[in-house]
Structures are given as C-alpha cells and as structure tokens.
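Engineer: So the chains spell out like this:
There are 4 protein chains.
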Amino acid sequence: MPDDRTLGVAMIGYAFMGAAHSQAWRTVHRAFDLPVTPRMSVVVGRNTDAVTAAASKLGWESASTDWREAIARDDIDIVDVCTPGDSHAEIATAALAAGKHVLCEKPLANSVEEAEAMVVAAEEAAQRGARSMVGFNYRRTPALAYARQLVDSGRLGTIRHVRAQYLQDWIVDPEFPLVWRLRKELAGSGALGDIGAHIIDLTQFVTGQRLTGVSALTETFVRERPLPAAAAGLSASGTEERGEVTVDDAALFFGRLDGGAVASFEATRFATGRKNAMRLEVNGSAGSLAFDFETMNELWFYDGSLPAAEAGFRRILVTEPDHPYVHAWWPPGHGLGYEHTFTHEVHDFLRSIVDGVDPVPSFRDGLGVQRVLAAVESSAANGSGWVDIPAR
Amino acid sequence: MPDDRTLGVAMIGYAFMGAAHSQAWRTVHRAFDLPVTPRMSVVVGRNTDAVTAAASKLGWESASTDWREAIARDDIDIVDVCTPGDSHAEIATAALAAGKHVLCEKPLANSVEEAEAMVVAAEEAAQRGARSMVGFNYRRTPALAYARQLVDSGRLGTIRHVRAQYLQDWIVDPEFPLVWRLRKELAGSGALGDIGAHIIDLTQFVTGQRLTGVSALTETFVRERPLPAAAAGLSASGTEERGEVTVDDAALFFGRLDGGAVASFEATRFATGRKNAMRLEVNGSAGSLAFDFETMNELWFYDGSLPAAEAGFRRILVTEPDHPYVHAWWPPGHGLGYEHTFTHEVHDFLRSIVDGVDPVPSFRDGLGVQRVLAAVESSAANGSGWVDIPAR
Amino acid sequence: MPDDRTLGVAMIGYAFMGAAHSQAWRTVHRAFDLPVTPRMSVVVGRNTDAVTAAASKLGWESASTDWREAIARDDIDIVDVCTPGDSHAEIATAALAAGKHVLCEKPLANSVEEAEAMVVAAEEAAQRGARSMVGFNYRRTPALAYARQLVDSGRLGTIRHVRAQYLQDWIVDPEFPLVWRLRKELAGSGALGDIGAHIIDLTQFVTGQRLTGVSALTETFVRERPLPAAAAGLSASGTEERGEVTVDDAALFFGRLDGGAVASFEATRFATGRKNAMRLEVNGSAGSLAFDFETMNELWFYDGSLPAAEAGFRRILVTEPDHPYVHAWWPPGHGLGYEHTFTHEVHDFLRSIVDGVDPVPSFRDGLGVQRVLAAVESSAANGSGWVDIPAR
Amino acid sequence: MPDDRTLGVAMIGYAFMGAAHSQAWRTVHRAFDLPVTPRMSVVVGRNTDAVTAAASKLGWESASTDWREAIARDDIDIVDVCTPGDSHAEIATAALAAGKHVLCEKPLANSVEEAEAMVVAAEEAAQRGARSMVGFNYRRTPALAYARQLVDSGRLGTIRHVRAQYLQDWIVDPEFPLVWRLRKELAGSGALGDIGAHIIDLTQFVTGQRLTGVSALTETFVRERPLPAAAAGLSASGTEERGEVTVDDAALFFGRLDGGAVASFEATRFATGRKNAMRLEVNGSAGSLAFDFETMNELWFYDGSLPAAEAGFRRILVTEPDHPYVHAWWPPGHGLGYEHTFTHEVHDFLRSIVDGVDPVPSFRDGLGVQRVLAAVESSAANGSGWVDIPAR
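Chains as they are written, first to last, in the working numbering: chain A, 1 to 392; chain B, 1 to 392; chain C, 1 to 392; chain D, 1 to 392.
Treat the hints as calculated values from the structure; they're not laboratory data.
We treat Cβ as the ideally placed atom computed from N, Cα and C, and that holds for glycine.
It is possible that part of the hints are untrue.
What the hints assert, rightly or not - Simulated crosslink set (DSBU-like; lysine-lysine; CA at most 35 Å straight-line): (1) B:K57 <-> C:K57; (2) A:K57 <-> A:K184; (3) A:K57 <-> D:K57; (4) B:K57 <-> B:K184.
Said to hold, decoys possible - Calculated Cβ distances over 12 Å to all of chain B for the following chain C residues: (5) N47; (6) D86; (7) G157; (8) R223; (9) L227; (10) G243; (11) E244; (12) D258; (13) A290.
Given these sequences and hints, build the entire structure.
Structural biologist: Written out as structure tokens, the structure is:
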C-alpha cells in the first residue's frame, strides 16, 4: 500500500484505554473498507521500559517517552490522547497547534475552563483542516447508534423520560487501593466524570436534546483507602499506607432536556454485582427504548403504535447487516464486544479525515458534557438546588 | 339469586387439584359475568375426617365418602373429577350416565381403552345435553390462549417447528418418597402422563394440528424410593421401607404434525432448578412464539414481517383487557397466577353449559392425547422406532 | 362455624381497590389457616343501584349508601376504607372512634395534617384494642417480604444504594380523560401519591431505614384532558369538554436514608410500554437485590460473598414453601398474581387482630410516607432544593 | 522479533471462516502473552483476483491459488484449513504429511471414512511432532469453558439431562439461494453438520461424556431454491434458475451419554427470529447450567446445594479475570464477541505447539462427532430407530 494512503498515529498513554485503542487501530481497516490505512507509528509513556514493552505487545512500531517529540514528527498525522484527564488539555492543544488530527479520550478535560480552551484550539485548527473528536466510544455501540436512528426518525414521538444509569462495583471493597481514578487532581472527579460523563453524552446523543439544568447529590462512601502498589485495567493491589479519596463514589442527579423531557441519572462504583451496567431507557409519546451495556448486542424497543394486545418491548439483536457498523462484521446473532466500540470510533474518525468533515462528538460536544459535570458538582455542593446549564 | 340459576357441583378428590378447583368454583362468578352461579355442594373423599376438614377449609357445603351417592343427588348438576387417573373412567362414566356435566382432570385416563370408553360415554351423554370437558387447564393461561389466536390468524405463517418442554425438579432427591404419582397402577405413567400430557395438548391446541407419529425414549433415574409417610401438594416425607418406582422420571420424544411441522418434546422431573418450566416455542415461516410458565404473564412474539433491523422477540405482557380472560381481572401489568387457569377453565365450562354447546378440550381431545402417550410408551419400549398415531 | 369466630367487615368503596379487597376477604381463610373467618357483611357506595350490583357481584351480604350507618352496626368489626384519599381521614377516624378495626388504603391521607390526625386517632383507639393498618399491599408480595428478610439478616451488608421506580403508561394518550386520580382535590397528588407512595414505603420497609431528606422535580406533561364519561379500573372514556389536570404526571427525586445510603426515585404514568413496573434495586456492601413487579414471582439476589468467578444475580423464584406466605398456595414454580398481595395483607391484618398486636404498616408508617410526599412537593416547588424530613 | 520465534501460517479459504480466522491470527499475540508470534504468510483461494484482494484486506503477506505449493513452503509451519468440508481430508492429510501443524475447520470431514483417514494421518504426524486440531471454536467461549470447569469439579453432581439446540433462521425465505452449504456434495450435510456438529461437540466437551446412541429425524422444508448469484458470510442473492436442496434444513435427535444422562438435540435453520441461538442446558443431581450464544457473555448456574429459598439460576457474567481466557481482555462487564472464540482457539493451538503437546479437540474428537452425525443420518433414514455409536 503506497505511503500517501497511510496515516501515522501517535498514541499517548497505553494503559486500559491504550490497549483498547490499539486494538482499534490494528483492526479498523481489516474490517471496514477505508481508503486510508492507519500506521501505528509510536506509543508514548513516561517509563521507558514499560512503554517499550507496550509498543511490542500492542503492535506499535516505536516507543517514546516524549510526547512533544512524538507530535512534532512529520510522519505523524493523528494524535490519540489516552492519558488521565489532567493532561488532555495540554497534549491535545499542542497536537492541534502542530496540525495534527486529535482523538481525545473522555471526559474532554478536568474543568470547564480547560475544555473551553480546547474548543477554541479545535475550532481554530479545524479552519486549517485538522480534525478533532472526543472519545465517547459508547455512541458507537451499534445498539445505541441504532437507538439514535429510531429517535431521529420519530419512532418514539415526543420524548418524555430518560432514565440513565452507569453502575459498576469495582471499588466496593474498602481495601481496593487509591488508584489515579480516585484522585481529583488526576481524574477531575470520580464516578461522575468517568462513567457519568458517558450517560450524559449518550442522553444528549440519543435524544438529540440538550440538558438545560440539573439538581444533584454526590457521595463518597469510603473516604480513605490504601495507597496503590500496582494497577492494571480496573484492578489493583494496595499497600499499608492510606490516603484520602478526593472524588465521588456515586453521583445522582436529575434534569430537564430542552425538548421538554425530564431525565434521571445515576453513576456509581458501588452497585455490588453490576459490572458495567450502562443502562439507558427513553420513553416517548409513541414508543420507548431500553439498553444495558452488559447485553450490548440487544436493544429493546417498544412500538406504541401497535395494538395494545400485541405490543411489547422487543429484543432487537443489533447484529443485522442493516444496523450501524455491523455490515463489517459477522452474520446475524454473532455478537460484538466492548472493543468494537473503539474500532467503530476510529473508523468514523478516519472517515471524517478522509472526507474533510468535522467528526462528532466534537470538542464542543465534550465541552457540553463538561458543563453538565460542573453543574452537577455545583448543585451537589449547594444543597442539591437547581443549576442551569448554559447552552454555549 | 334464585335456585334455578345455580348449578350444584360435586367435586371428587380434594388434594392439590381439589384445592385449585375449589378456588376456581369459589371465584369464577365474582370475576366473570355469568348467568349462572356454581353452588359448592359436596366434596367427596375416602377418609371421613379428612374430607370433612377439606370441606370446611375449601368452602364446600358438605362432605361425603361415597362418590356414587354424591353423583346421584338431584341437586348436583356438575361432577368435577379430581382423583388420580385410575378412577377417572369409572367416575366420569357413571356421572355422565347419571346425566351430569363432567369436568375430568387430565390425563383423561390411564389407558387408551379407558379413554375410548369415556369418549363413547361422553358422546352419548352429549346427545342428552350433558357436557364433558377434560381439564387441560394450561390452555386457559391467557398467554397461551392468545398464542392460539396469533397462530389461528396466520401471524406465524406455515408452522415449521414446535419445541415443547415441561421441566420440574421435585424428585431429584433420591430420598423423596414413592408418592402416588410415581406408581404406574395409580398414575398410569410418570412425567409423561402428568406433565408431558400438557405439552402434547398445548402443541395440538396452539398449532391447531395433530401429531401423526413419534419416536421416544423414557428413563427412570432413581428406581427405588422410600415409601411415603404423608404428602401435600407436590411435597412429601418418607419412611424407612422402600419400593420400586414404576413410572418414568423423564420422557424425550419428537414427532411430526399433520401440517408439516416437526416437534420435539421433553418432560422431566429431574431438571434441577426448573420448578414449573412449561415451555413452548413455535417457529413459523412468518413468525415465532415463545412461552415459559415460570413467567406465565409473558408471551414472546417475533413478527417476521417487520424489517430485519427492527424485528425482535417482543415480550407481550398478556395483561391487557383485549387478551383472553383478562378483562375480568386487573389493570395492565397486574399479573395473574397459576390458579387463574382453573378459574378460566371453569368459566368456559359453565359458559358451554349455559350456551348448550360442547366445551373443549373434549373427552375426544383427551383421547387424542392418550394415543400420543401410548405411542410414546410403545416407541420407548421398542428401540425408539417410529410409531404412527391413528387419527381417531 | 360459630358466630363468635367470625368478624363482620364493612367495605367503603367498591371500584378497583374494592374488587381487589373483596377477592382477599373471600379467599383469605380458604388459603390460610386462621382462627377467625371474615364475614363480608356490607359494602358501601354513593349510588344505590351501583353498590347493590357490586354487592351481588363481589359477594357482599348487603349494600348501603351510608357509611356512617354501616360503621355504626354492632355486627361490624372491621372497616375497610377503599375510597379516594380525600375521604380517608373522615371515615377512618369515625370508624376508629366507633371501636372498629380499620384497614385504610394508601396513601393514608391527602395531607400531612390529615395523616397526623389519623395517627392520633389510631393510637388512641389502639389503647382500646382497635387495630389499624394502612394498605401498602406490595409489602406482601412474597418476593419483597423475602427481600426484607435478606436485608434484615445482613446478607446485603451496609446498604449503599436504593434505586426505586414505579413506571406506568396508562395516561400517555392525551385523550385519556380526567379521571379522579388526575384531580388534586380528590387524589391529593398524581403519580407521586398513587405509585410514588408505594416505592417510598417499600424502600423504607426493605431497608429498615428512614428517608431523611429529598430533592425533587415533578412534571405534568399533558395539562388538559377531556372530562370523563365512565371509568373502570384504570381505563376510561372521555367527553368533548376539557378540564385541567391538577396533579403531577411524573415525579423524580433522590434522597438519603438514615443508615447512610442514597436513594433515587421515579414515579411516572408516562413510561410508554411499562405497565406496572414497580422496580426496586438495593446495593449493599455484601450483596444486592433487584425486583420488578411485572415479574412479581422473581427476586434477583447477588451474593457478594461468593468467589467472583461464580457470583451473579440469581433469579430466585419466590414460590417455595419457605418463602413468606407461599406455604398457603401452590407447589414451587406455580406463581401467584397481583391479587394475592391483598389476600396476604388481609391475612396479616386478621392475624394481628386475633393476636392482639398492632399490625404494620401502621398509620404512623403511613404518616411517615406522607411526610416524604410533602417534602417532595415542597422541593419540587422550590427549585429542587433539599428538604429535610422530620422523624416524627 | 527474531525469525525463530515466529511461525508462518498458510490459510486455505478466505470466506466467512477465513475472515474470522484472520482476525484471530492478527490479534492473538496482542492480547495474550505468547512466546511465539504467528506470521500471516499466505492465504490460498481459487480465484486470483479475489484471493489477492482478500490477502490485502485481511492482512496476509501474500496470496496463492495453489494450496499444494503453499503447504510445501519451508517458511510455513501451520496450515489453517477453512474450506468447505469436501476438501478437508485431502488438504489436511497433505499438510500433515508435509510436516505442518494443522488447524482444520469443523466438521472434520464429510464422511466417517474421510475422518478416519485423517485421524490416522494426524496420529502418525503427531509421532513426528506435527500437531492437529479441529476447529470447534465454541468450546473457547469463556462461558462454555467455564461450564466445563464447573461440571469437571463436580458442582453439577451426576448429569441427568442435556438439552442442546442450535437455532438459526437464515434460510427461512424460500427465495434464499442454493449456496454451497445447501449442497450435500460440498457440505456433507445441512444444519446437522454445520451447526448440529457444534452442539454434539459441546455436549461431549461440557459433560466429559460420550454419546452412545441416538434416534433421529431430519427434514428439508424447502426442497428447491434459486441457484446463487453471489454470497458473502451467510447472506446471498439468487438467480432465476432453480436447483434441488440436497441437505437437511433441520435435524432433531435424542440420545444417551455413557455416564447415564439422556440428551436432546435440535439443529435448524428454520427457527424464525433465532439468529445464532446455540443453547445448552445441563441438569445434574447437584446443579444445572444454561447458556445461549446470543448472550454469549452469560452463563446461568443453579447451585442445588443452597437452601431452596435462596436458590436460583444465577446469571454469571463471564467477564471476570478468573474466567478462562478473560484475563487477556477487558475489565469485568466489558463483554467479548463472536470473534474472540477464534482468537482463543488459535491461542490454545499455538500454546500446544510451543509446549509440544497434542491440542484438543483432536482429529479423533472430530471423528467422534462425525460418527454421531453418521448415526443421526442413519437413524433418520431408517424410521428413527435407535443407532448405536461405536466408541472408537
């Protein structure tokens, strides 16, 4: 394949998200027909040995400990930011300034201010042809992309209710250590920004509506934990020393959408037995949808236009060639997995680059989510009183 | 309410089935609008004290130990036969000869010969206005009655497959005693006649087709059990002495229906964890149905005429006023229970008596099931070879 | 059965709740062993013809249009209040003053003030041996009674989360008429008091904890509806004239429990496709529970003490003889229905009368729920700000 | 990475199975730690243009139209046979003779005779260090590998029942064309060999027992179809000309296992609405398991040793690091997809090669399945009479 049809990728960070993104970069052109091929040029991390090992294992051509050097390389077209939230703004802004296309993990940043600066950078860069996207990968779950199509085509009528939950249980044990996701200075917030951000984005994506205000409560059930020895994915072991948990364990909030619906949200890492239960239910005047990521190949659709006697939530196996993304994969009933959401995300990003259009969700969409996160924190800090969310 | 609008009922037997039937006789006219009212006149059993206590508990006006005397009473219009299968033929035939309407528990009899005699008696009695019905109560589950409607109206197209299972686990423990249901001379057969009979009847009822032949295997996993001390419902305790189990613990068979479908059946009391999983799945050229009695208020319907992308098995909550029998009960979503199948059965029986028509399932329908049971036993006894089932 | 072992019952009101209660009074002593028998003496309504017809249909010995006269009768021991909420206080208080035992439908009253007066009346009457209970029938669902046992025995550890929803859809159609449940002066509130009251009570019942404060939002999606022509159960037809809906269609709130858990609530009549989805999920440090009334015979239990590899939400069919109330009914897997919750409620009420103890939920428990309802309305009316709930 | 740690792979065939295998070869060493790396050296097909395009798309270094030449290459260590069943014997035997390790798709062959010859070839080659494995990929579904562990450790006690179904619906439409899978000379049989083979293998794998005899029925519902224009995966379009369907559309059979259990089987392509419902239920004296590939990340386990009141089928999300294969992937609740079964298969195959042990399922295991398929066909052709299955 000729060089001018490849795009060099530098990935910053190589932990859980890095592994998932690597699988996507490796696979996307094998599954989808694309006029370009990503070249997995360089992966960047802080520890030389570790990043070198990661490069070899994950299939990157080279390893680096200097992200600035990596994004300065002429043969790098795309920068994929997979670091904790505290470095998103700096890296993404620099990469955009260097003329690179940027895919940035969510949440976009650790504050509204950072996110606003990133939007400015992204929109200026877009003038020069650099594309940017925030990594709300769950939008690319075929069932949720199809949910959006159903709502968009009017099958649900006027939306009345959204019921969004993201339930995990990986820190129920009070001896689970104080990993970076439990430290505000690195992660920005806890369950709220990590998983709450996803259900905020999905609510706005699937309904096509914007949250205009919220009332919220947050809670930290376990306020002190052992300092960590080592971590991998979402598991880790601890030491004898203890430190303070500075983020929320759980966030509960409700709000209003600009189309007239009301919405309830719950993000928690203390829902014992729920491993990755990202659930969305949408009720409209003409129908309803329900989804749970633990059964990610299923979308439940209630068509209210049918006679009452034969109506019911139907379990659509979202594995048909007519469903979003599915034509690239296997026959009906042969389900996809978590990692496919990243492959689809990278596909859409590459397609946008090729087509010269701005991908979604944009950094501005990411800023929108950031504003909801900030409103939630503000309400929770002020007796759960209502907090309006500015449109822009 | 004037006497001429009441119908006197004598119930023979008062154990598990007797309790369920009593609930039905007591309730039917309270839920449904009927021009007649059943009078719970007399319950009959072998032990004076026990039947007297049962009468008081279950709400019968009197108790008797002589079924012949009971059916001879002028004020008795209906005889409800709830005894083990070995006495069905004698009691039902005598009651019909006495001009009574007869509701007889399933299976109709313990042999084809007995069943044939009962059909002759029933059809002669019908000439004189006496109605007879066999108690395949599960037909009156609203979900299954609605399933029949869907098939009948062509929503499934040409039926290709039936997959019927009746799975229980109440005798998995080898120390469970040798109750009457495990003795051939009383019960006729084991899982086959007790629960296999239901899925045979339901297959023929829901599809509107007849089984034309079968190939079968039966098995008795535990061949010796303690003799019973006392029993209630499906639970019991045992003594030190042991006796031989003379019926099947499980029966597996497949067959062909006269409309071209193939069907598989399994009835067992050894499906650990399955309590009353009477399951039916029907696949047709245009759609499919699935049902499990453990969630008896749900019918799953796949409408193959929908576009592939939005098709899926839909969970119909069969609790709408438009569903069979449901208008008499509660609002949508407020489910019914096991006992309602008997109330509906008694409703349909009374309605047939009032309207002067022959109820279904008739004794002839019961004979049809008996012939299938006999064919299953014959095949199982002869190397699983195919056995044709005569039409009449 | 001698007179001194019967208890005369007067039921006030005979619509949906009246039918359900009648079924319970008729059945309770047939299923359960009780030393007393209820006598269905008189049913009371406003329209002579209608109440007479109801008496005949539902099995009451007589009908009356004067509730004061009915409760004054010497042969009446129990008054069962099934009217809309606006008359609860007057009838219940009068009945207690007349020395009767009182079962009062929920919500206890239409205001905290009324409820407080009823508590005073009940506690004074209790001194004289008159028992009172509020009809939160769903507590008597075997699965929920068993859920309480599991929490009480510590199987869930420290409770962290409650997620309670009561979702219905019977007024999604804007042409559904303005029945009494949509009028504040009769019903007190809308979804909040009608179905939200149940999930508040169940949360407090299952966890054994008290809500200490809430933040809330309510919404009325359809603000004008046709005036009603006739109604039955939850269905009705409308006329040309329109009136204002004066209650909430939906209520969303979250709160804190006095044991440290956080809880989210949602009650709505606009969840298209959800017929009676009363759902409760409880997450504790050692385990979790999940329930949905649409599959009322199932309780899902996650035992966090098991090794991770074999842990999972287990579907307990709450139909075993060891489960609460179930011994009175059918063998395992033969499920119960909605109406059984009332039979169990009446059983517990009668048992308390016989045993001379105060039944639960007491009027004071009902007042506790009323205070939560009031706090929800107050928060919703004041920008969703936090509202504390007084303990007594 | 040095040459001596890579293994050259030649893949014969590149359609549906070829795409799935390619994904596995590309991914295996990225997910798992392996001391060897597969090199995707050459893919072989009959049409030059098509195989060249496939090589480029799927990531093979070169393309060839001569499988004999490909397997003769010195740099090829592994031959992966993904062709229709009629060429398995010839290619696999030649590859083994050439000293290559062979992975052969299932069913092993189109006849017992071919399979026997392949076993001879495999066992001779094993003497010389060449490994061979048959591609029953579903064994490598984590849930099913874990099911095997549970049975093996005695958690189910004595196995009483297996209930195995493989339900698809891709040829319900009579206009679906006559693709190679519907022609006996290429595919050997229809649903029986294609999907029935999987549930036979899984039954023997999960129980650790062998089928000793069967009774069977097969059916071809649509006997003539359009000749195909083009095909991809399991979808295709047709022409005007028609040809005879020479394989079964559905196969139903039951049998006995050498440990005393009875088993029922059903394989069909006419189960409307069932897309890839490969279901397995196993009931033992101490517990039960249930699985459906449409929800492949779930295994349902009933532990009969628990008290009845708290026992229930528990939904184990087989996504924990302790579950087979899962440590290589994502955190709990982040499910896997169909393609992972092939990655796991290739992992185990490579690991066996490295460790110098014979992988399972062996060609002899494949022959065992072939003998069951032959017995099913024999029984179906002879009035469903019992056919014994020889042990070797």
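Engineer: Please work out if B:K57 and B:K184 have their alpha carbons no farther apart than 35 Å.
Structural biologist: Within the cut-off at roughly 31 Å; holds.
Engineer: Take a quick look at whether A:K57 and D:K57 sit within 35 Å of each other, Cα to Cα.
Structural biologist: holds, 22 Å
Engineer: Test the statement that C:A290 is away from the interface with chain B: the closest C-beta pair must be farther apart than 12 Å.
Structural biologist: The claim stands: C:A290 keeps its Cβ more than 12 Å from every Cβ of chain B (closest is about 15 Å).
Engineer: Looking at C:R223 again, its CB stays over 12 Å from all of chain B?
Structural biologist: Holds, since 24 Å exceeds 12 Å.
Engineer: Please settle this one: C:D258 was flagged as non-interface, so is its CB more than 12 Å from every CB on chain B?
Structural biologist: Label holds. Min Cβ-Cβ 32 Å, cutoff 12 Å.
Engineer: Does C:N47 really sit off the interface, with its C-beta more than 12 Å from all C-beta atoms of chain B?
Structural biologist: The claim stands: C:N47 keeps its Cβ more than 12 Å from every Cβ of chain B (closest is about 19 Å).
Engineer: According to the definition I'm using, a residue is off the interface if its beta carbon is farther than 12 Å from all beta carbons of the partner; does C:D86 meet that for chain B?
Structural biologist: Holds, because the least Cβ-Cβ distance between C:D86 and chain B comes to about 22 Å, which exceeds 12 Å.
Engineer: Over 12 Å to the closest beta carbon of chain B is the bar; see if C:G157 clears it.
Structural biologist: Holds, because the least Cβ-Cβ distance between C:G157 and chain B comes to about 26 Å, which exceeds 12 Å.
Engineer: Is the Cα-Cα distance between A:K57 and A:K184 35 Å or less?
Structural biologist: holds, 31 Å
Engineer: Measure nothing beyond the straight line between the CA atoms of B:K57 and C:K57; if it is 35 Å or shorter, mark the hint as holding.
Structural biologist: With Cα atoms ~22 Å apart, B:K57 and C:K57 stay inside 35 Å; holds.
Engineer: Does the claim that C:E244 lies off the interface hold, with its Cβ farther than 12 Å from every Cβ of chain B?
Structural biologist: Fine: 24 Å to the nearest Cβ keeps C:E244 off the interface.
Engineer: Just want to verify: C:L227 was marked as not at the interface with chain B; is every Cβ pair farther apart than 12 Å?
Structural biologist: holds, 21 Å
Hint check: no violations occur; every hint is consistent with the structure.
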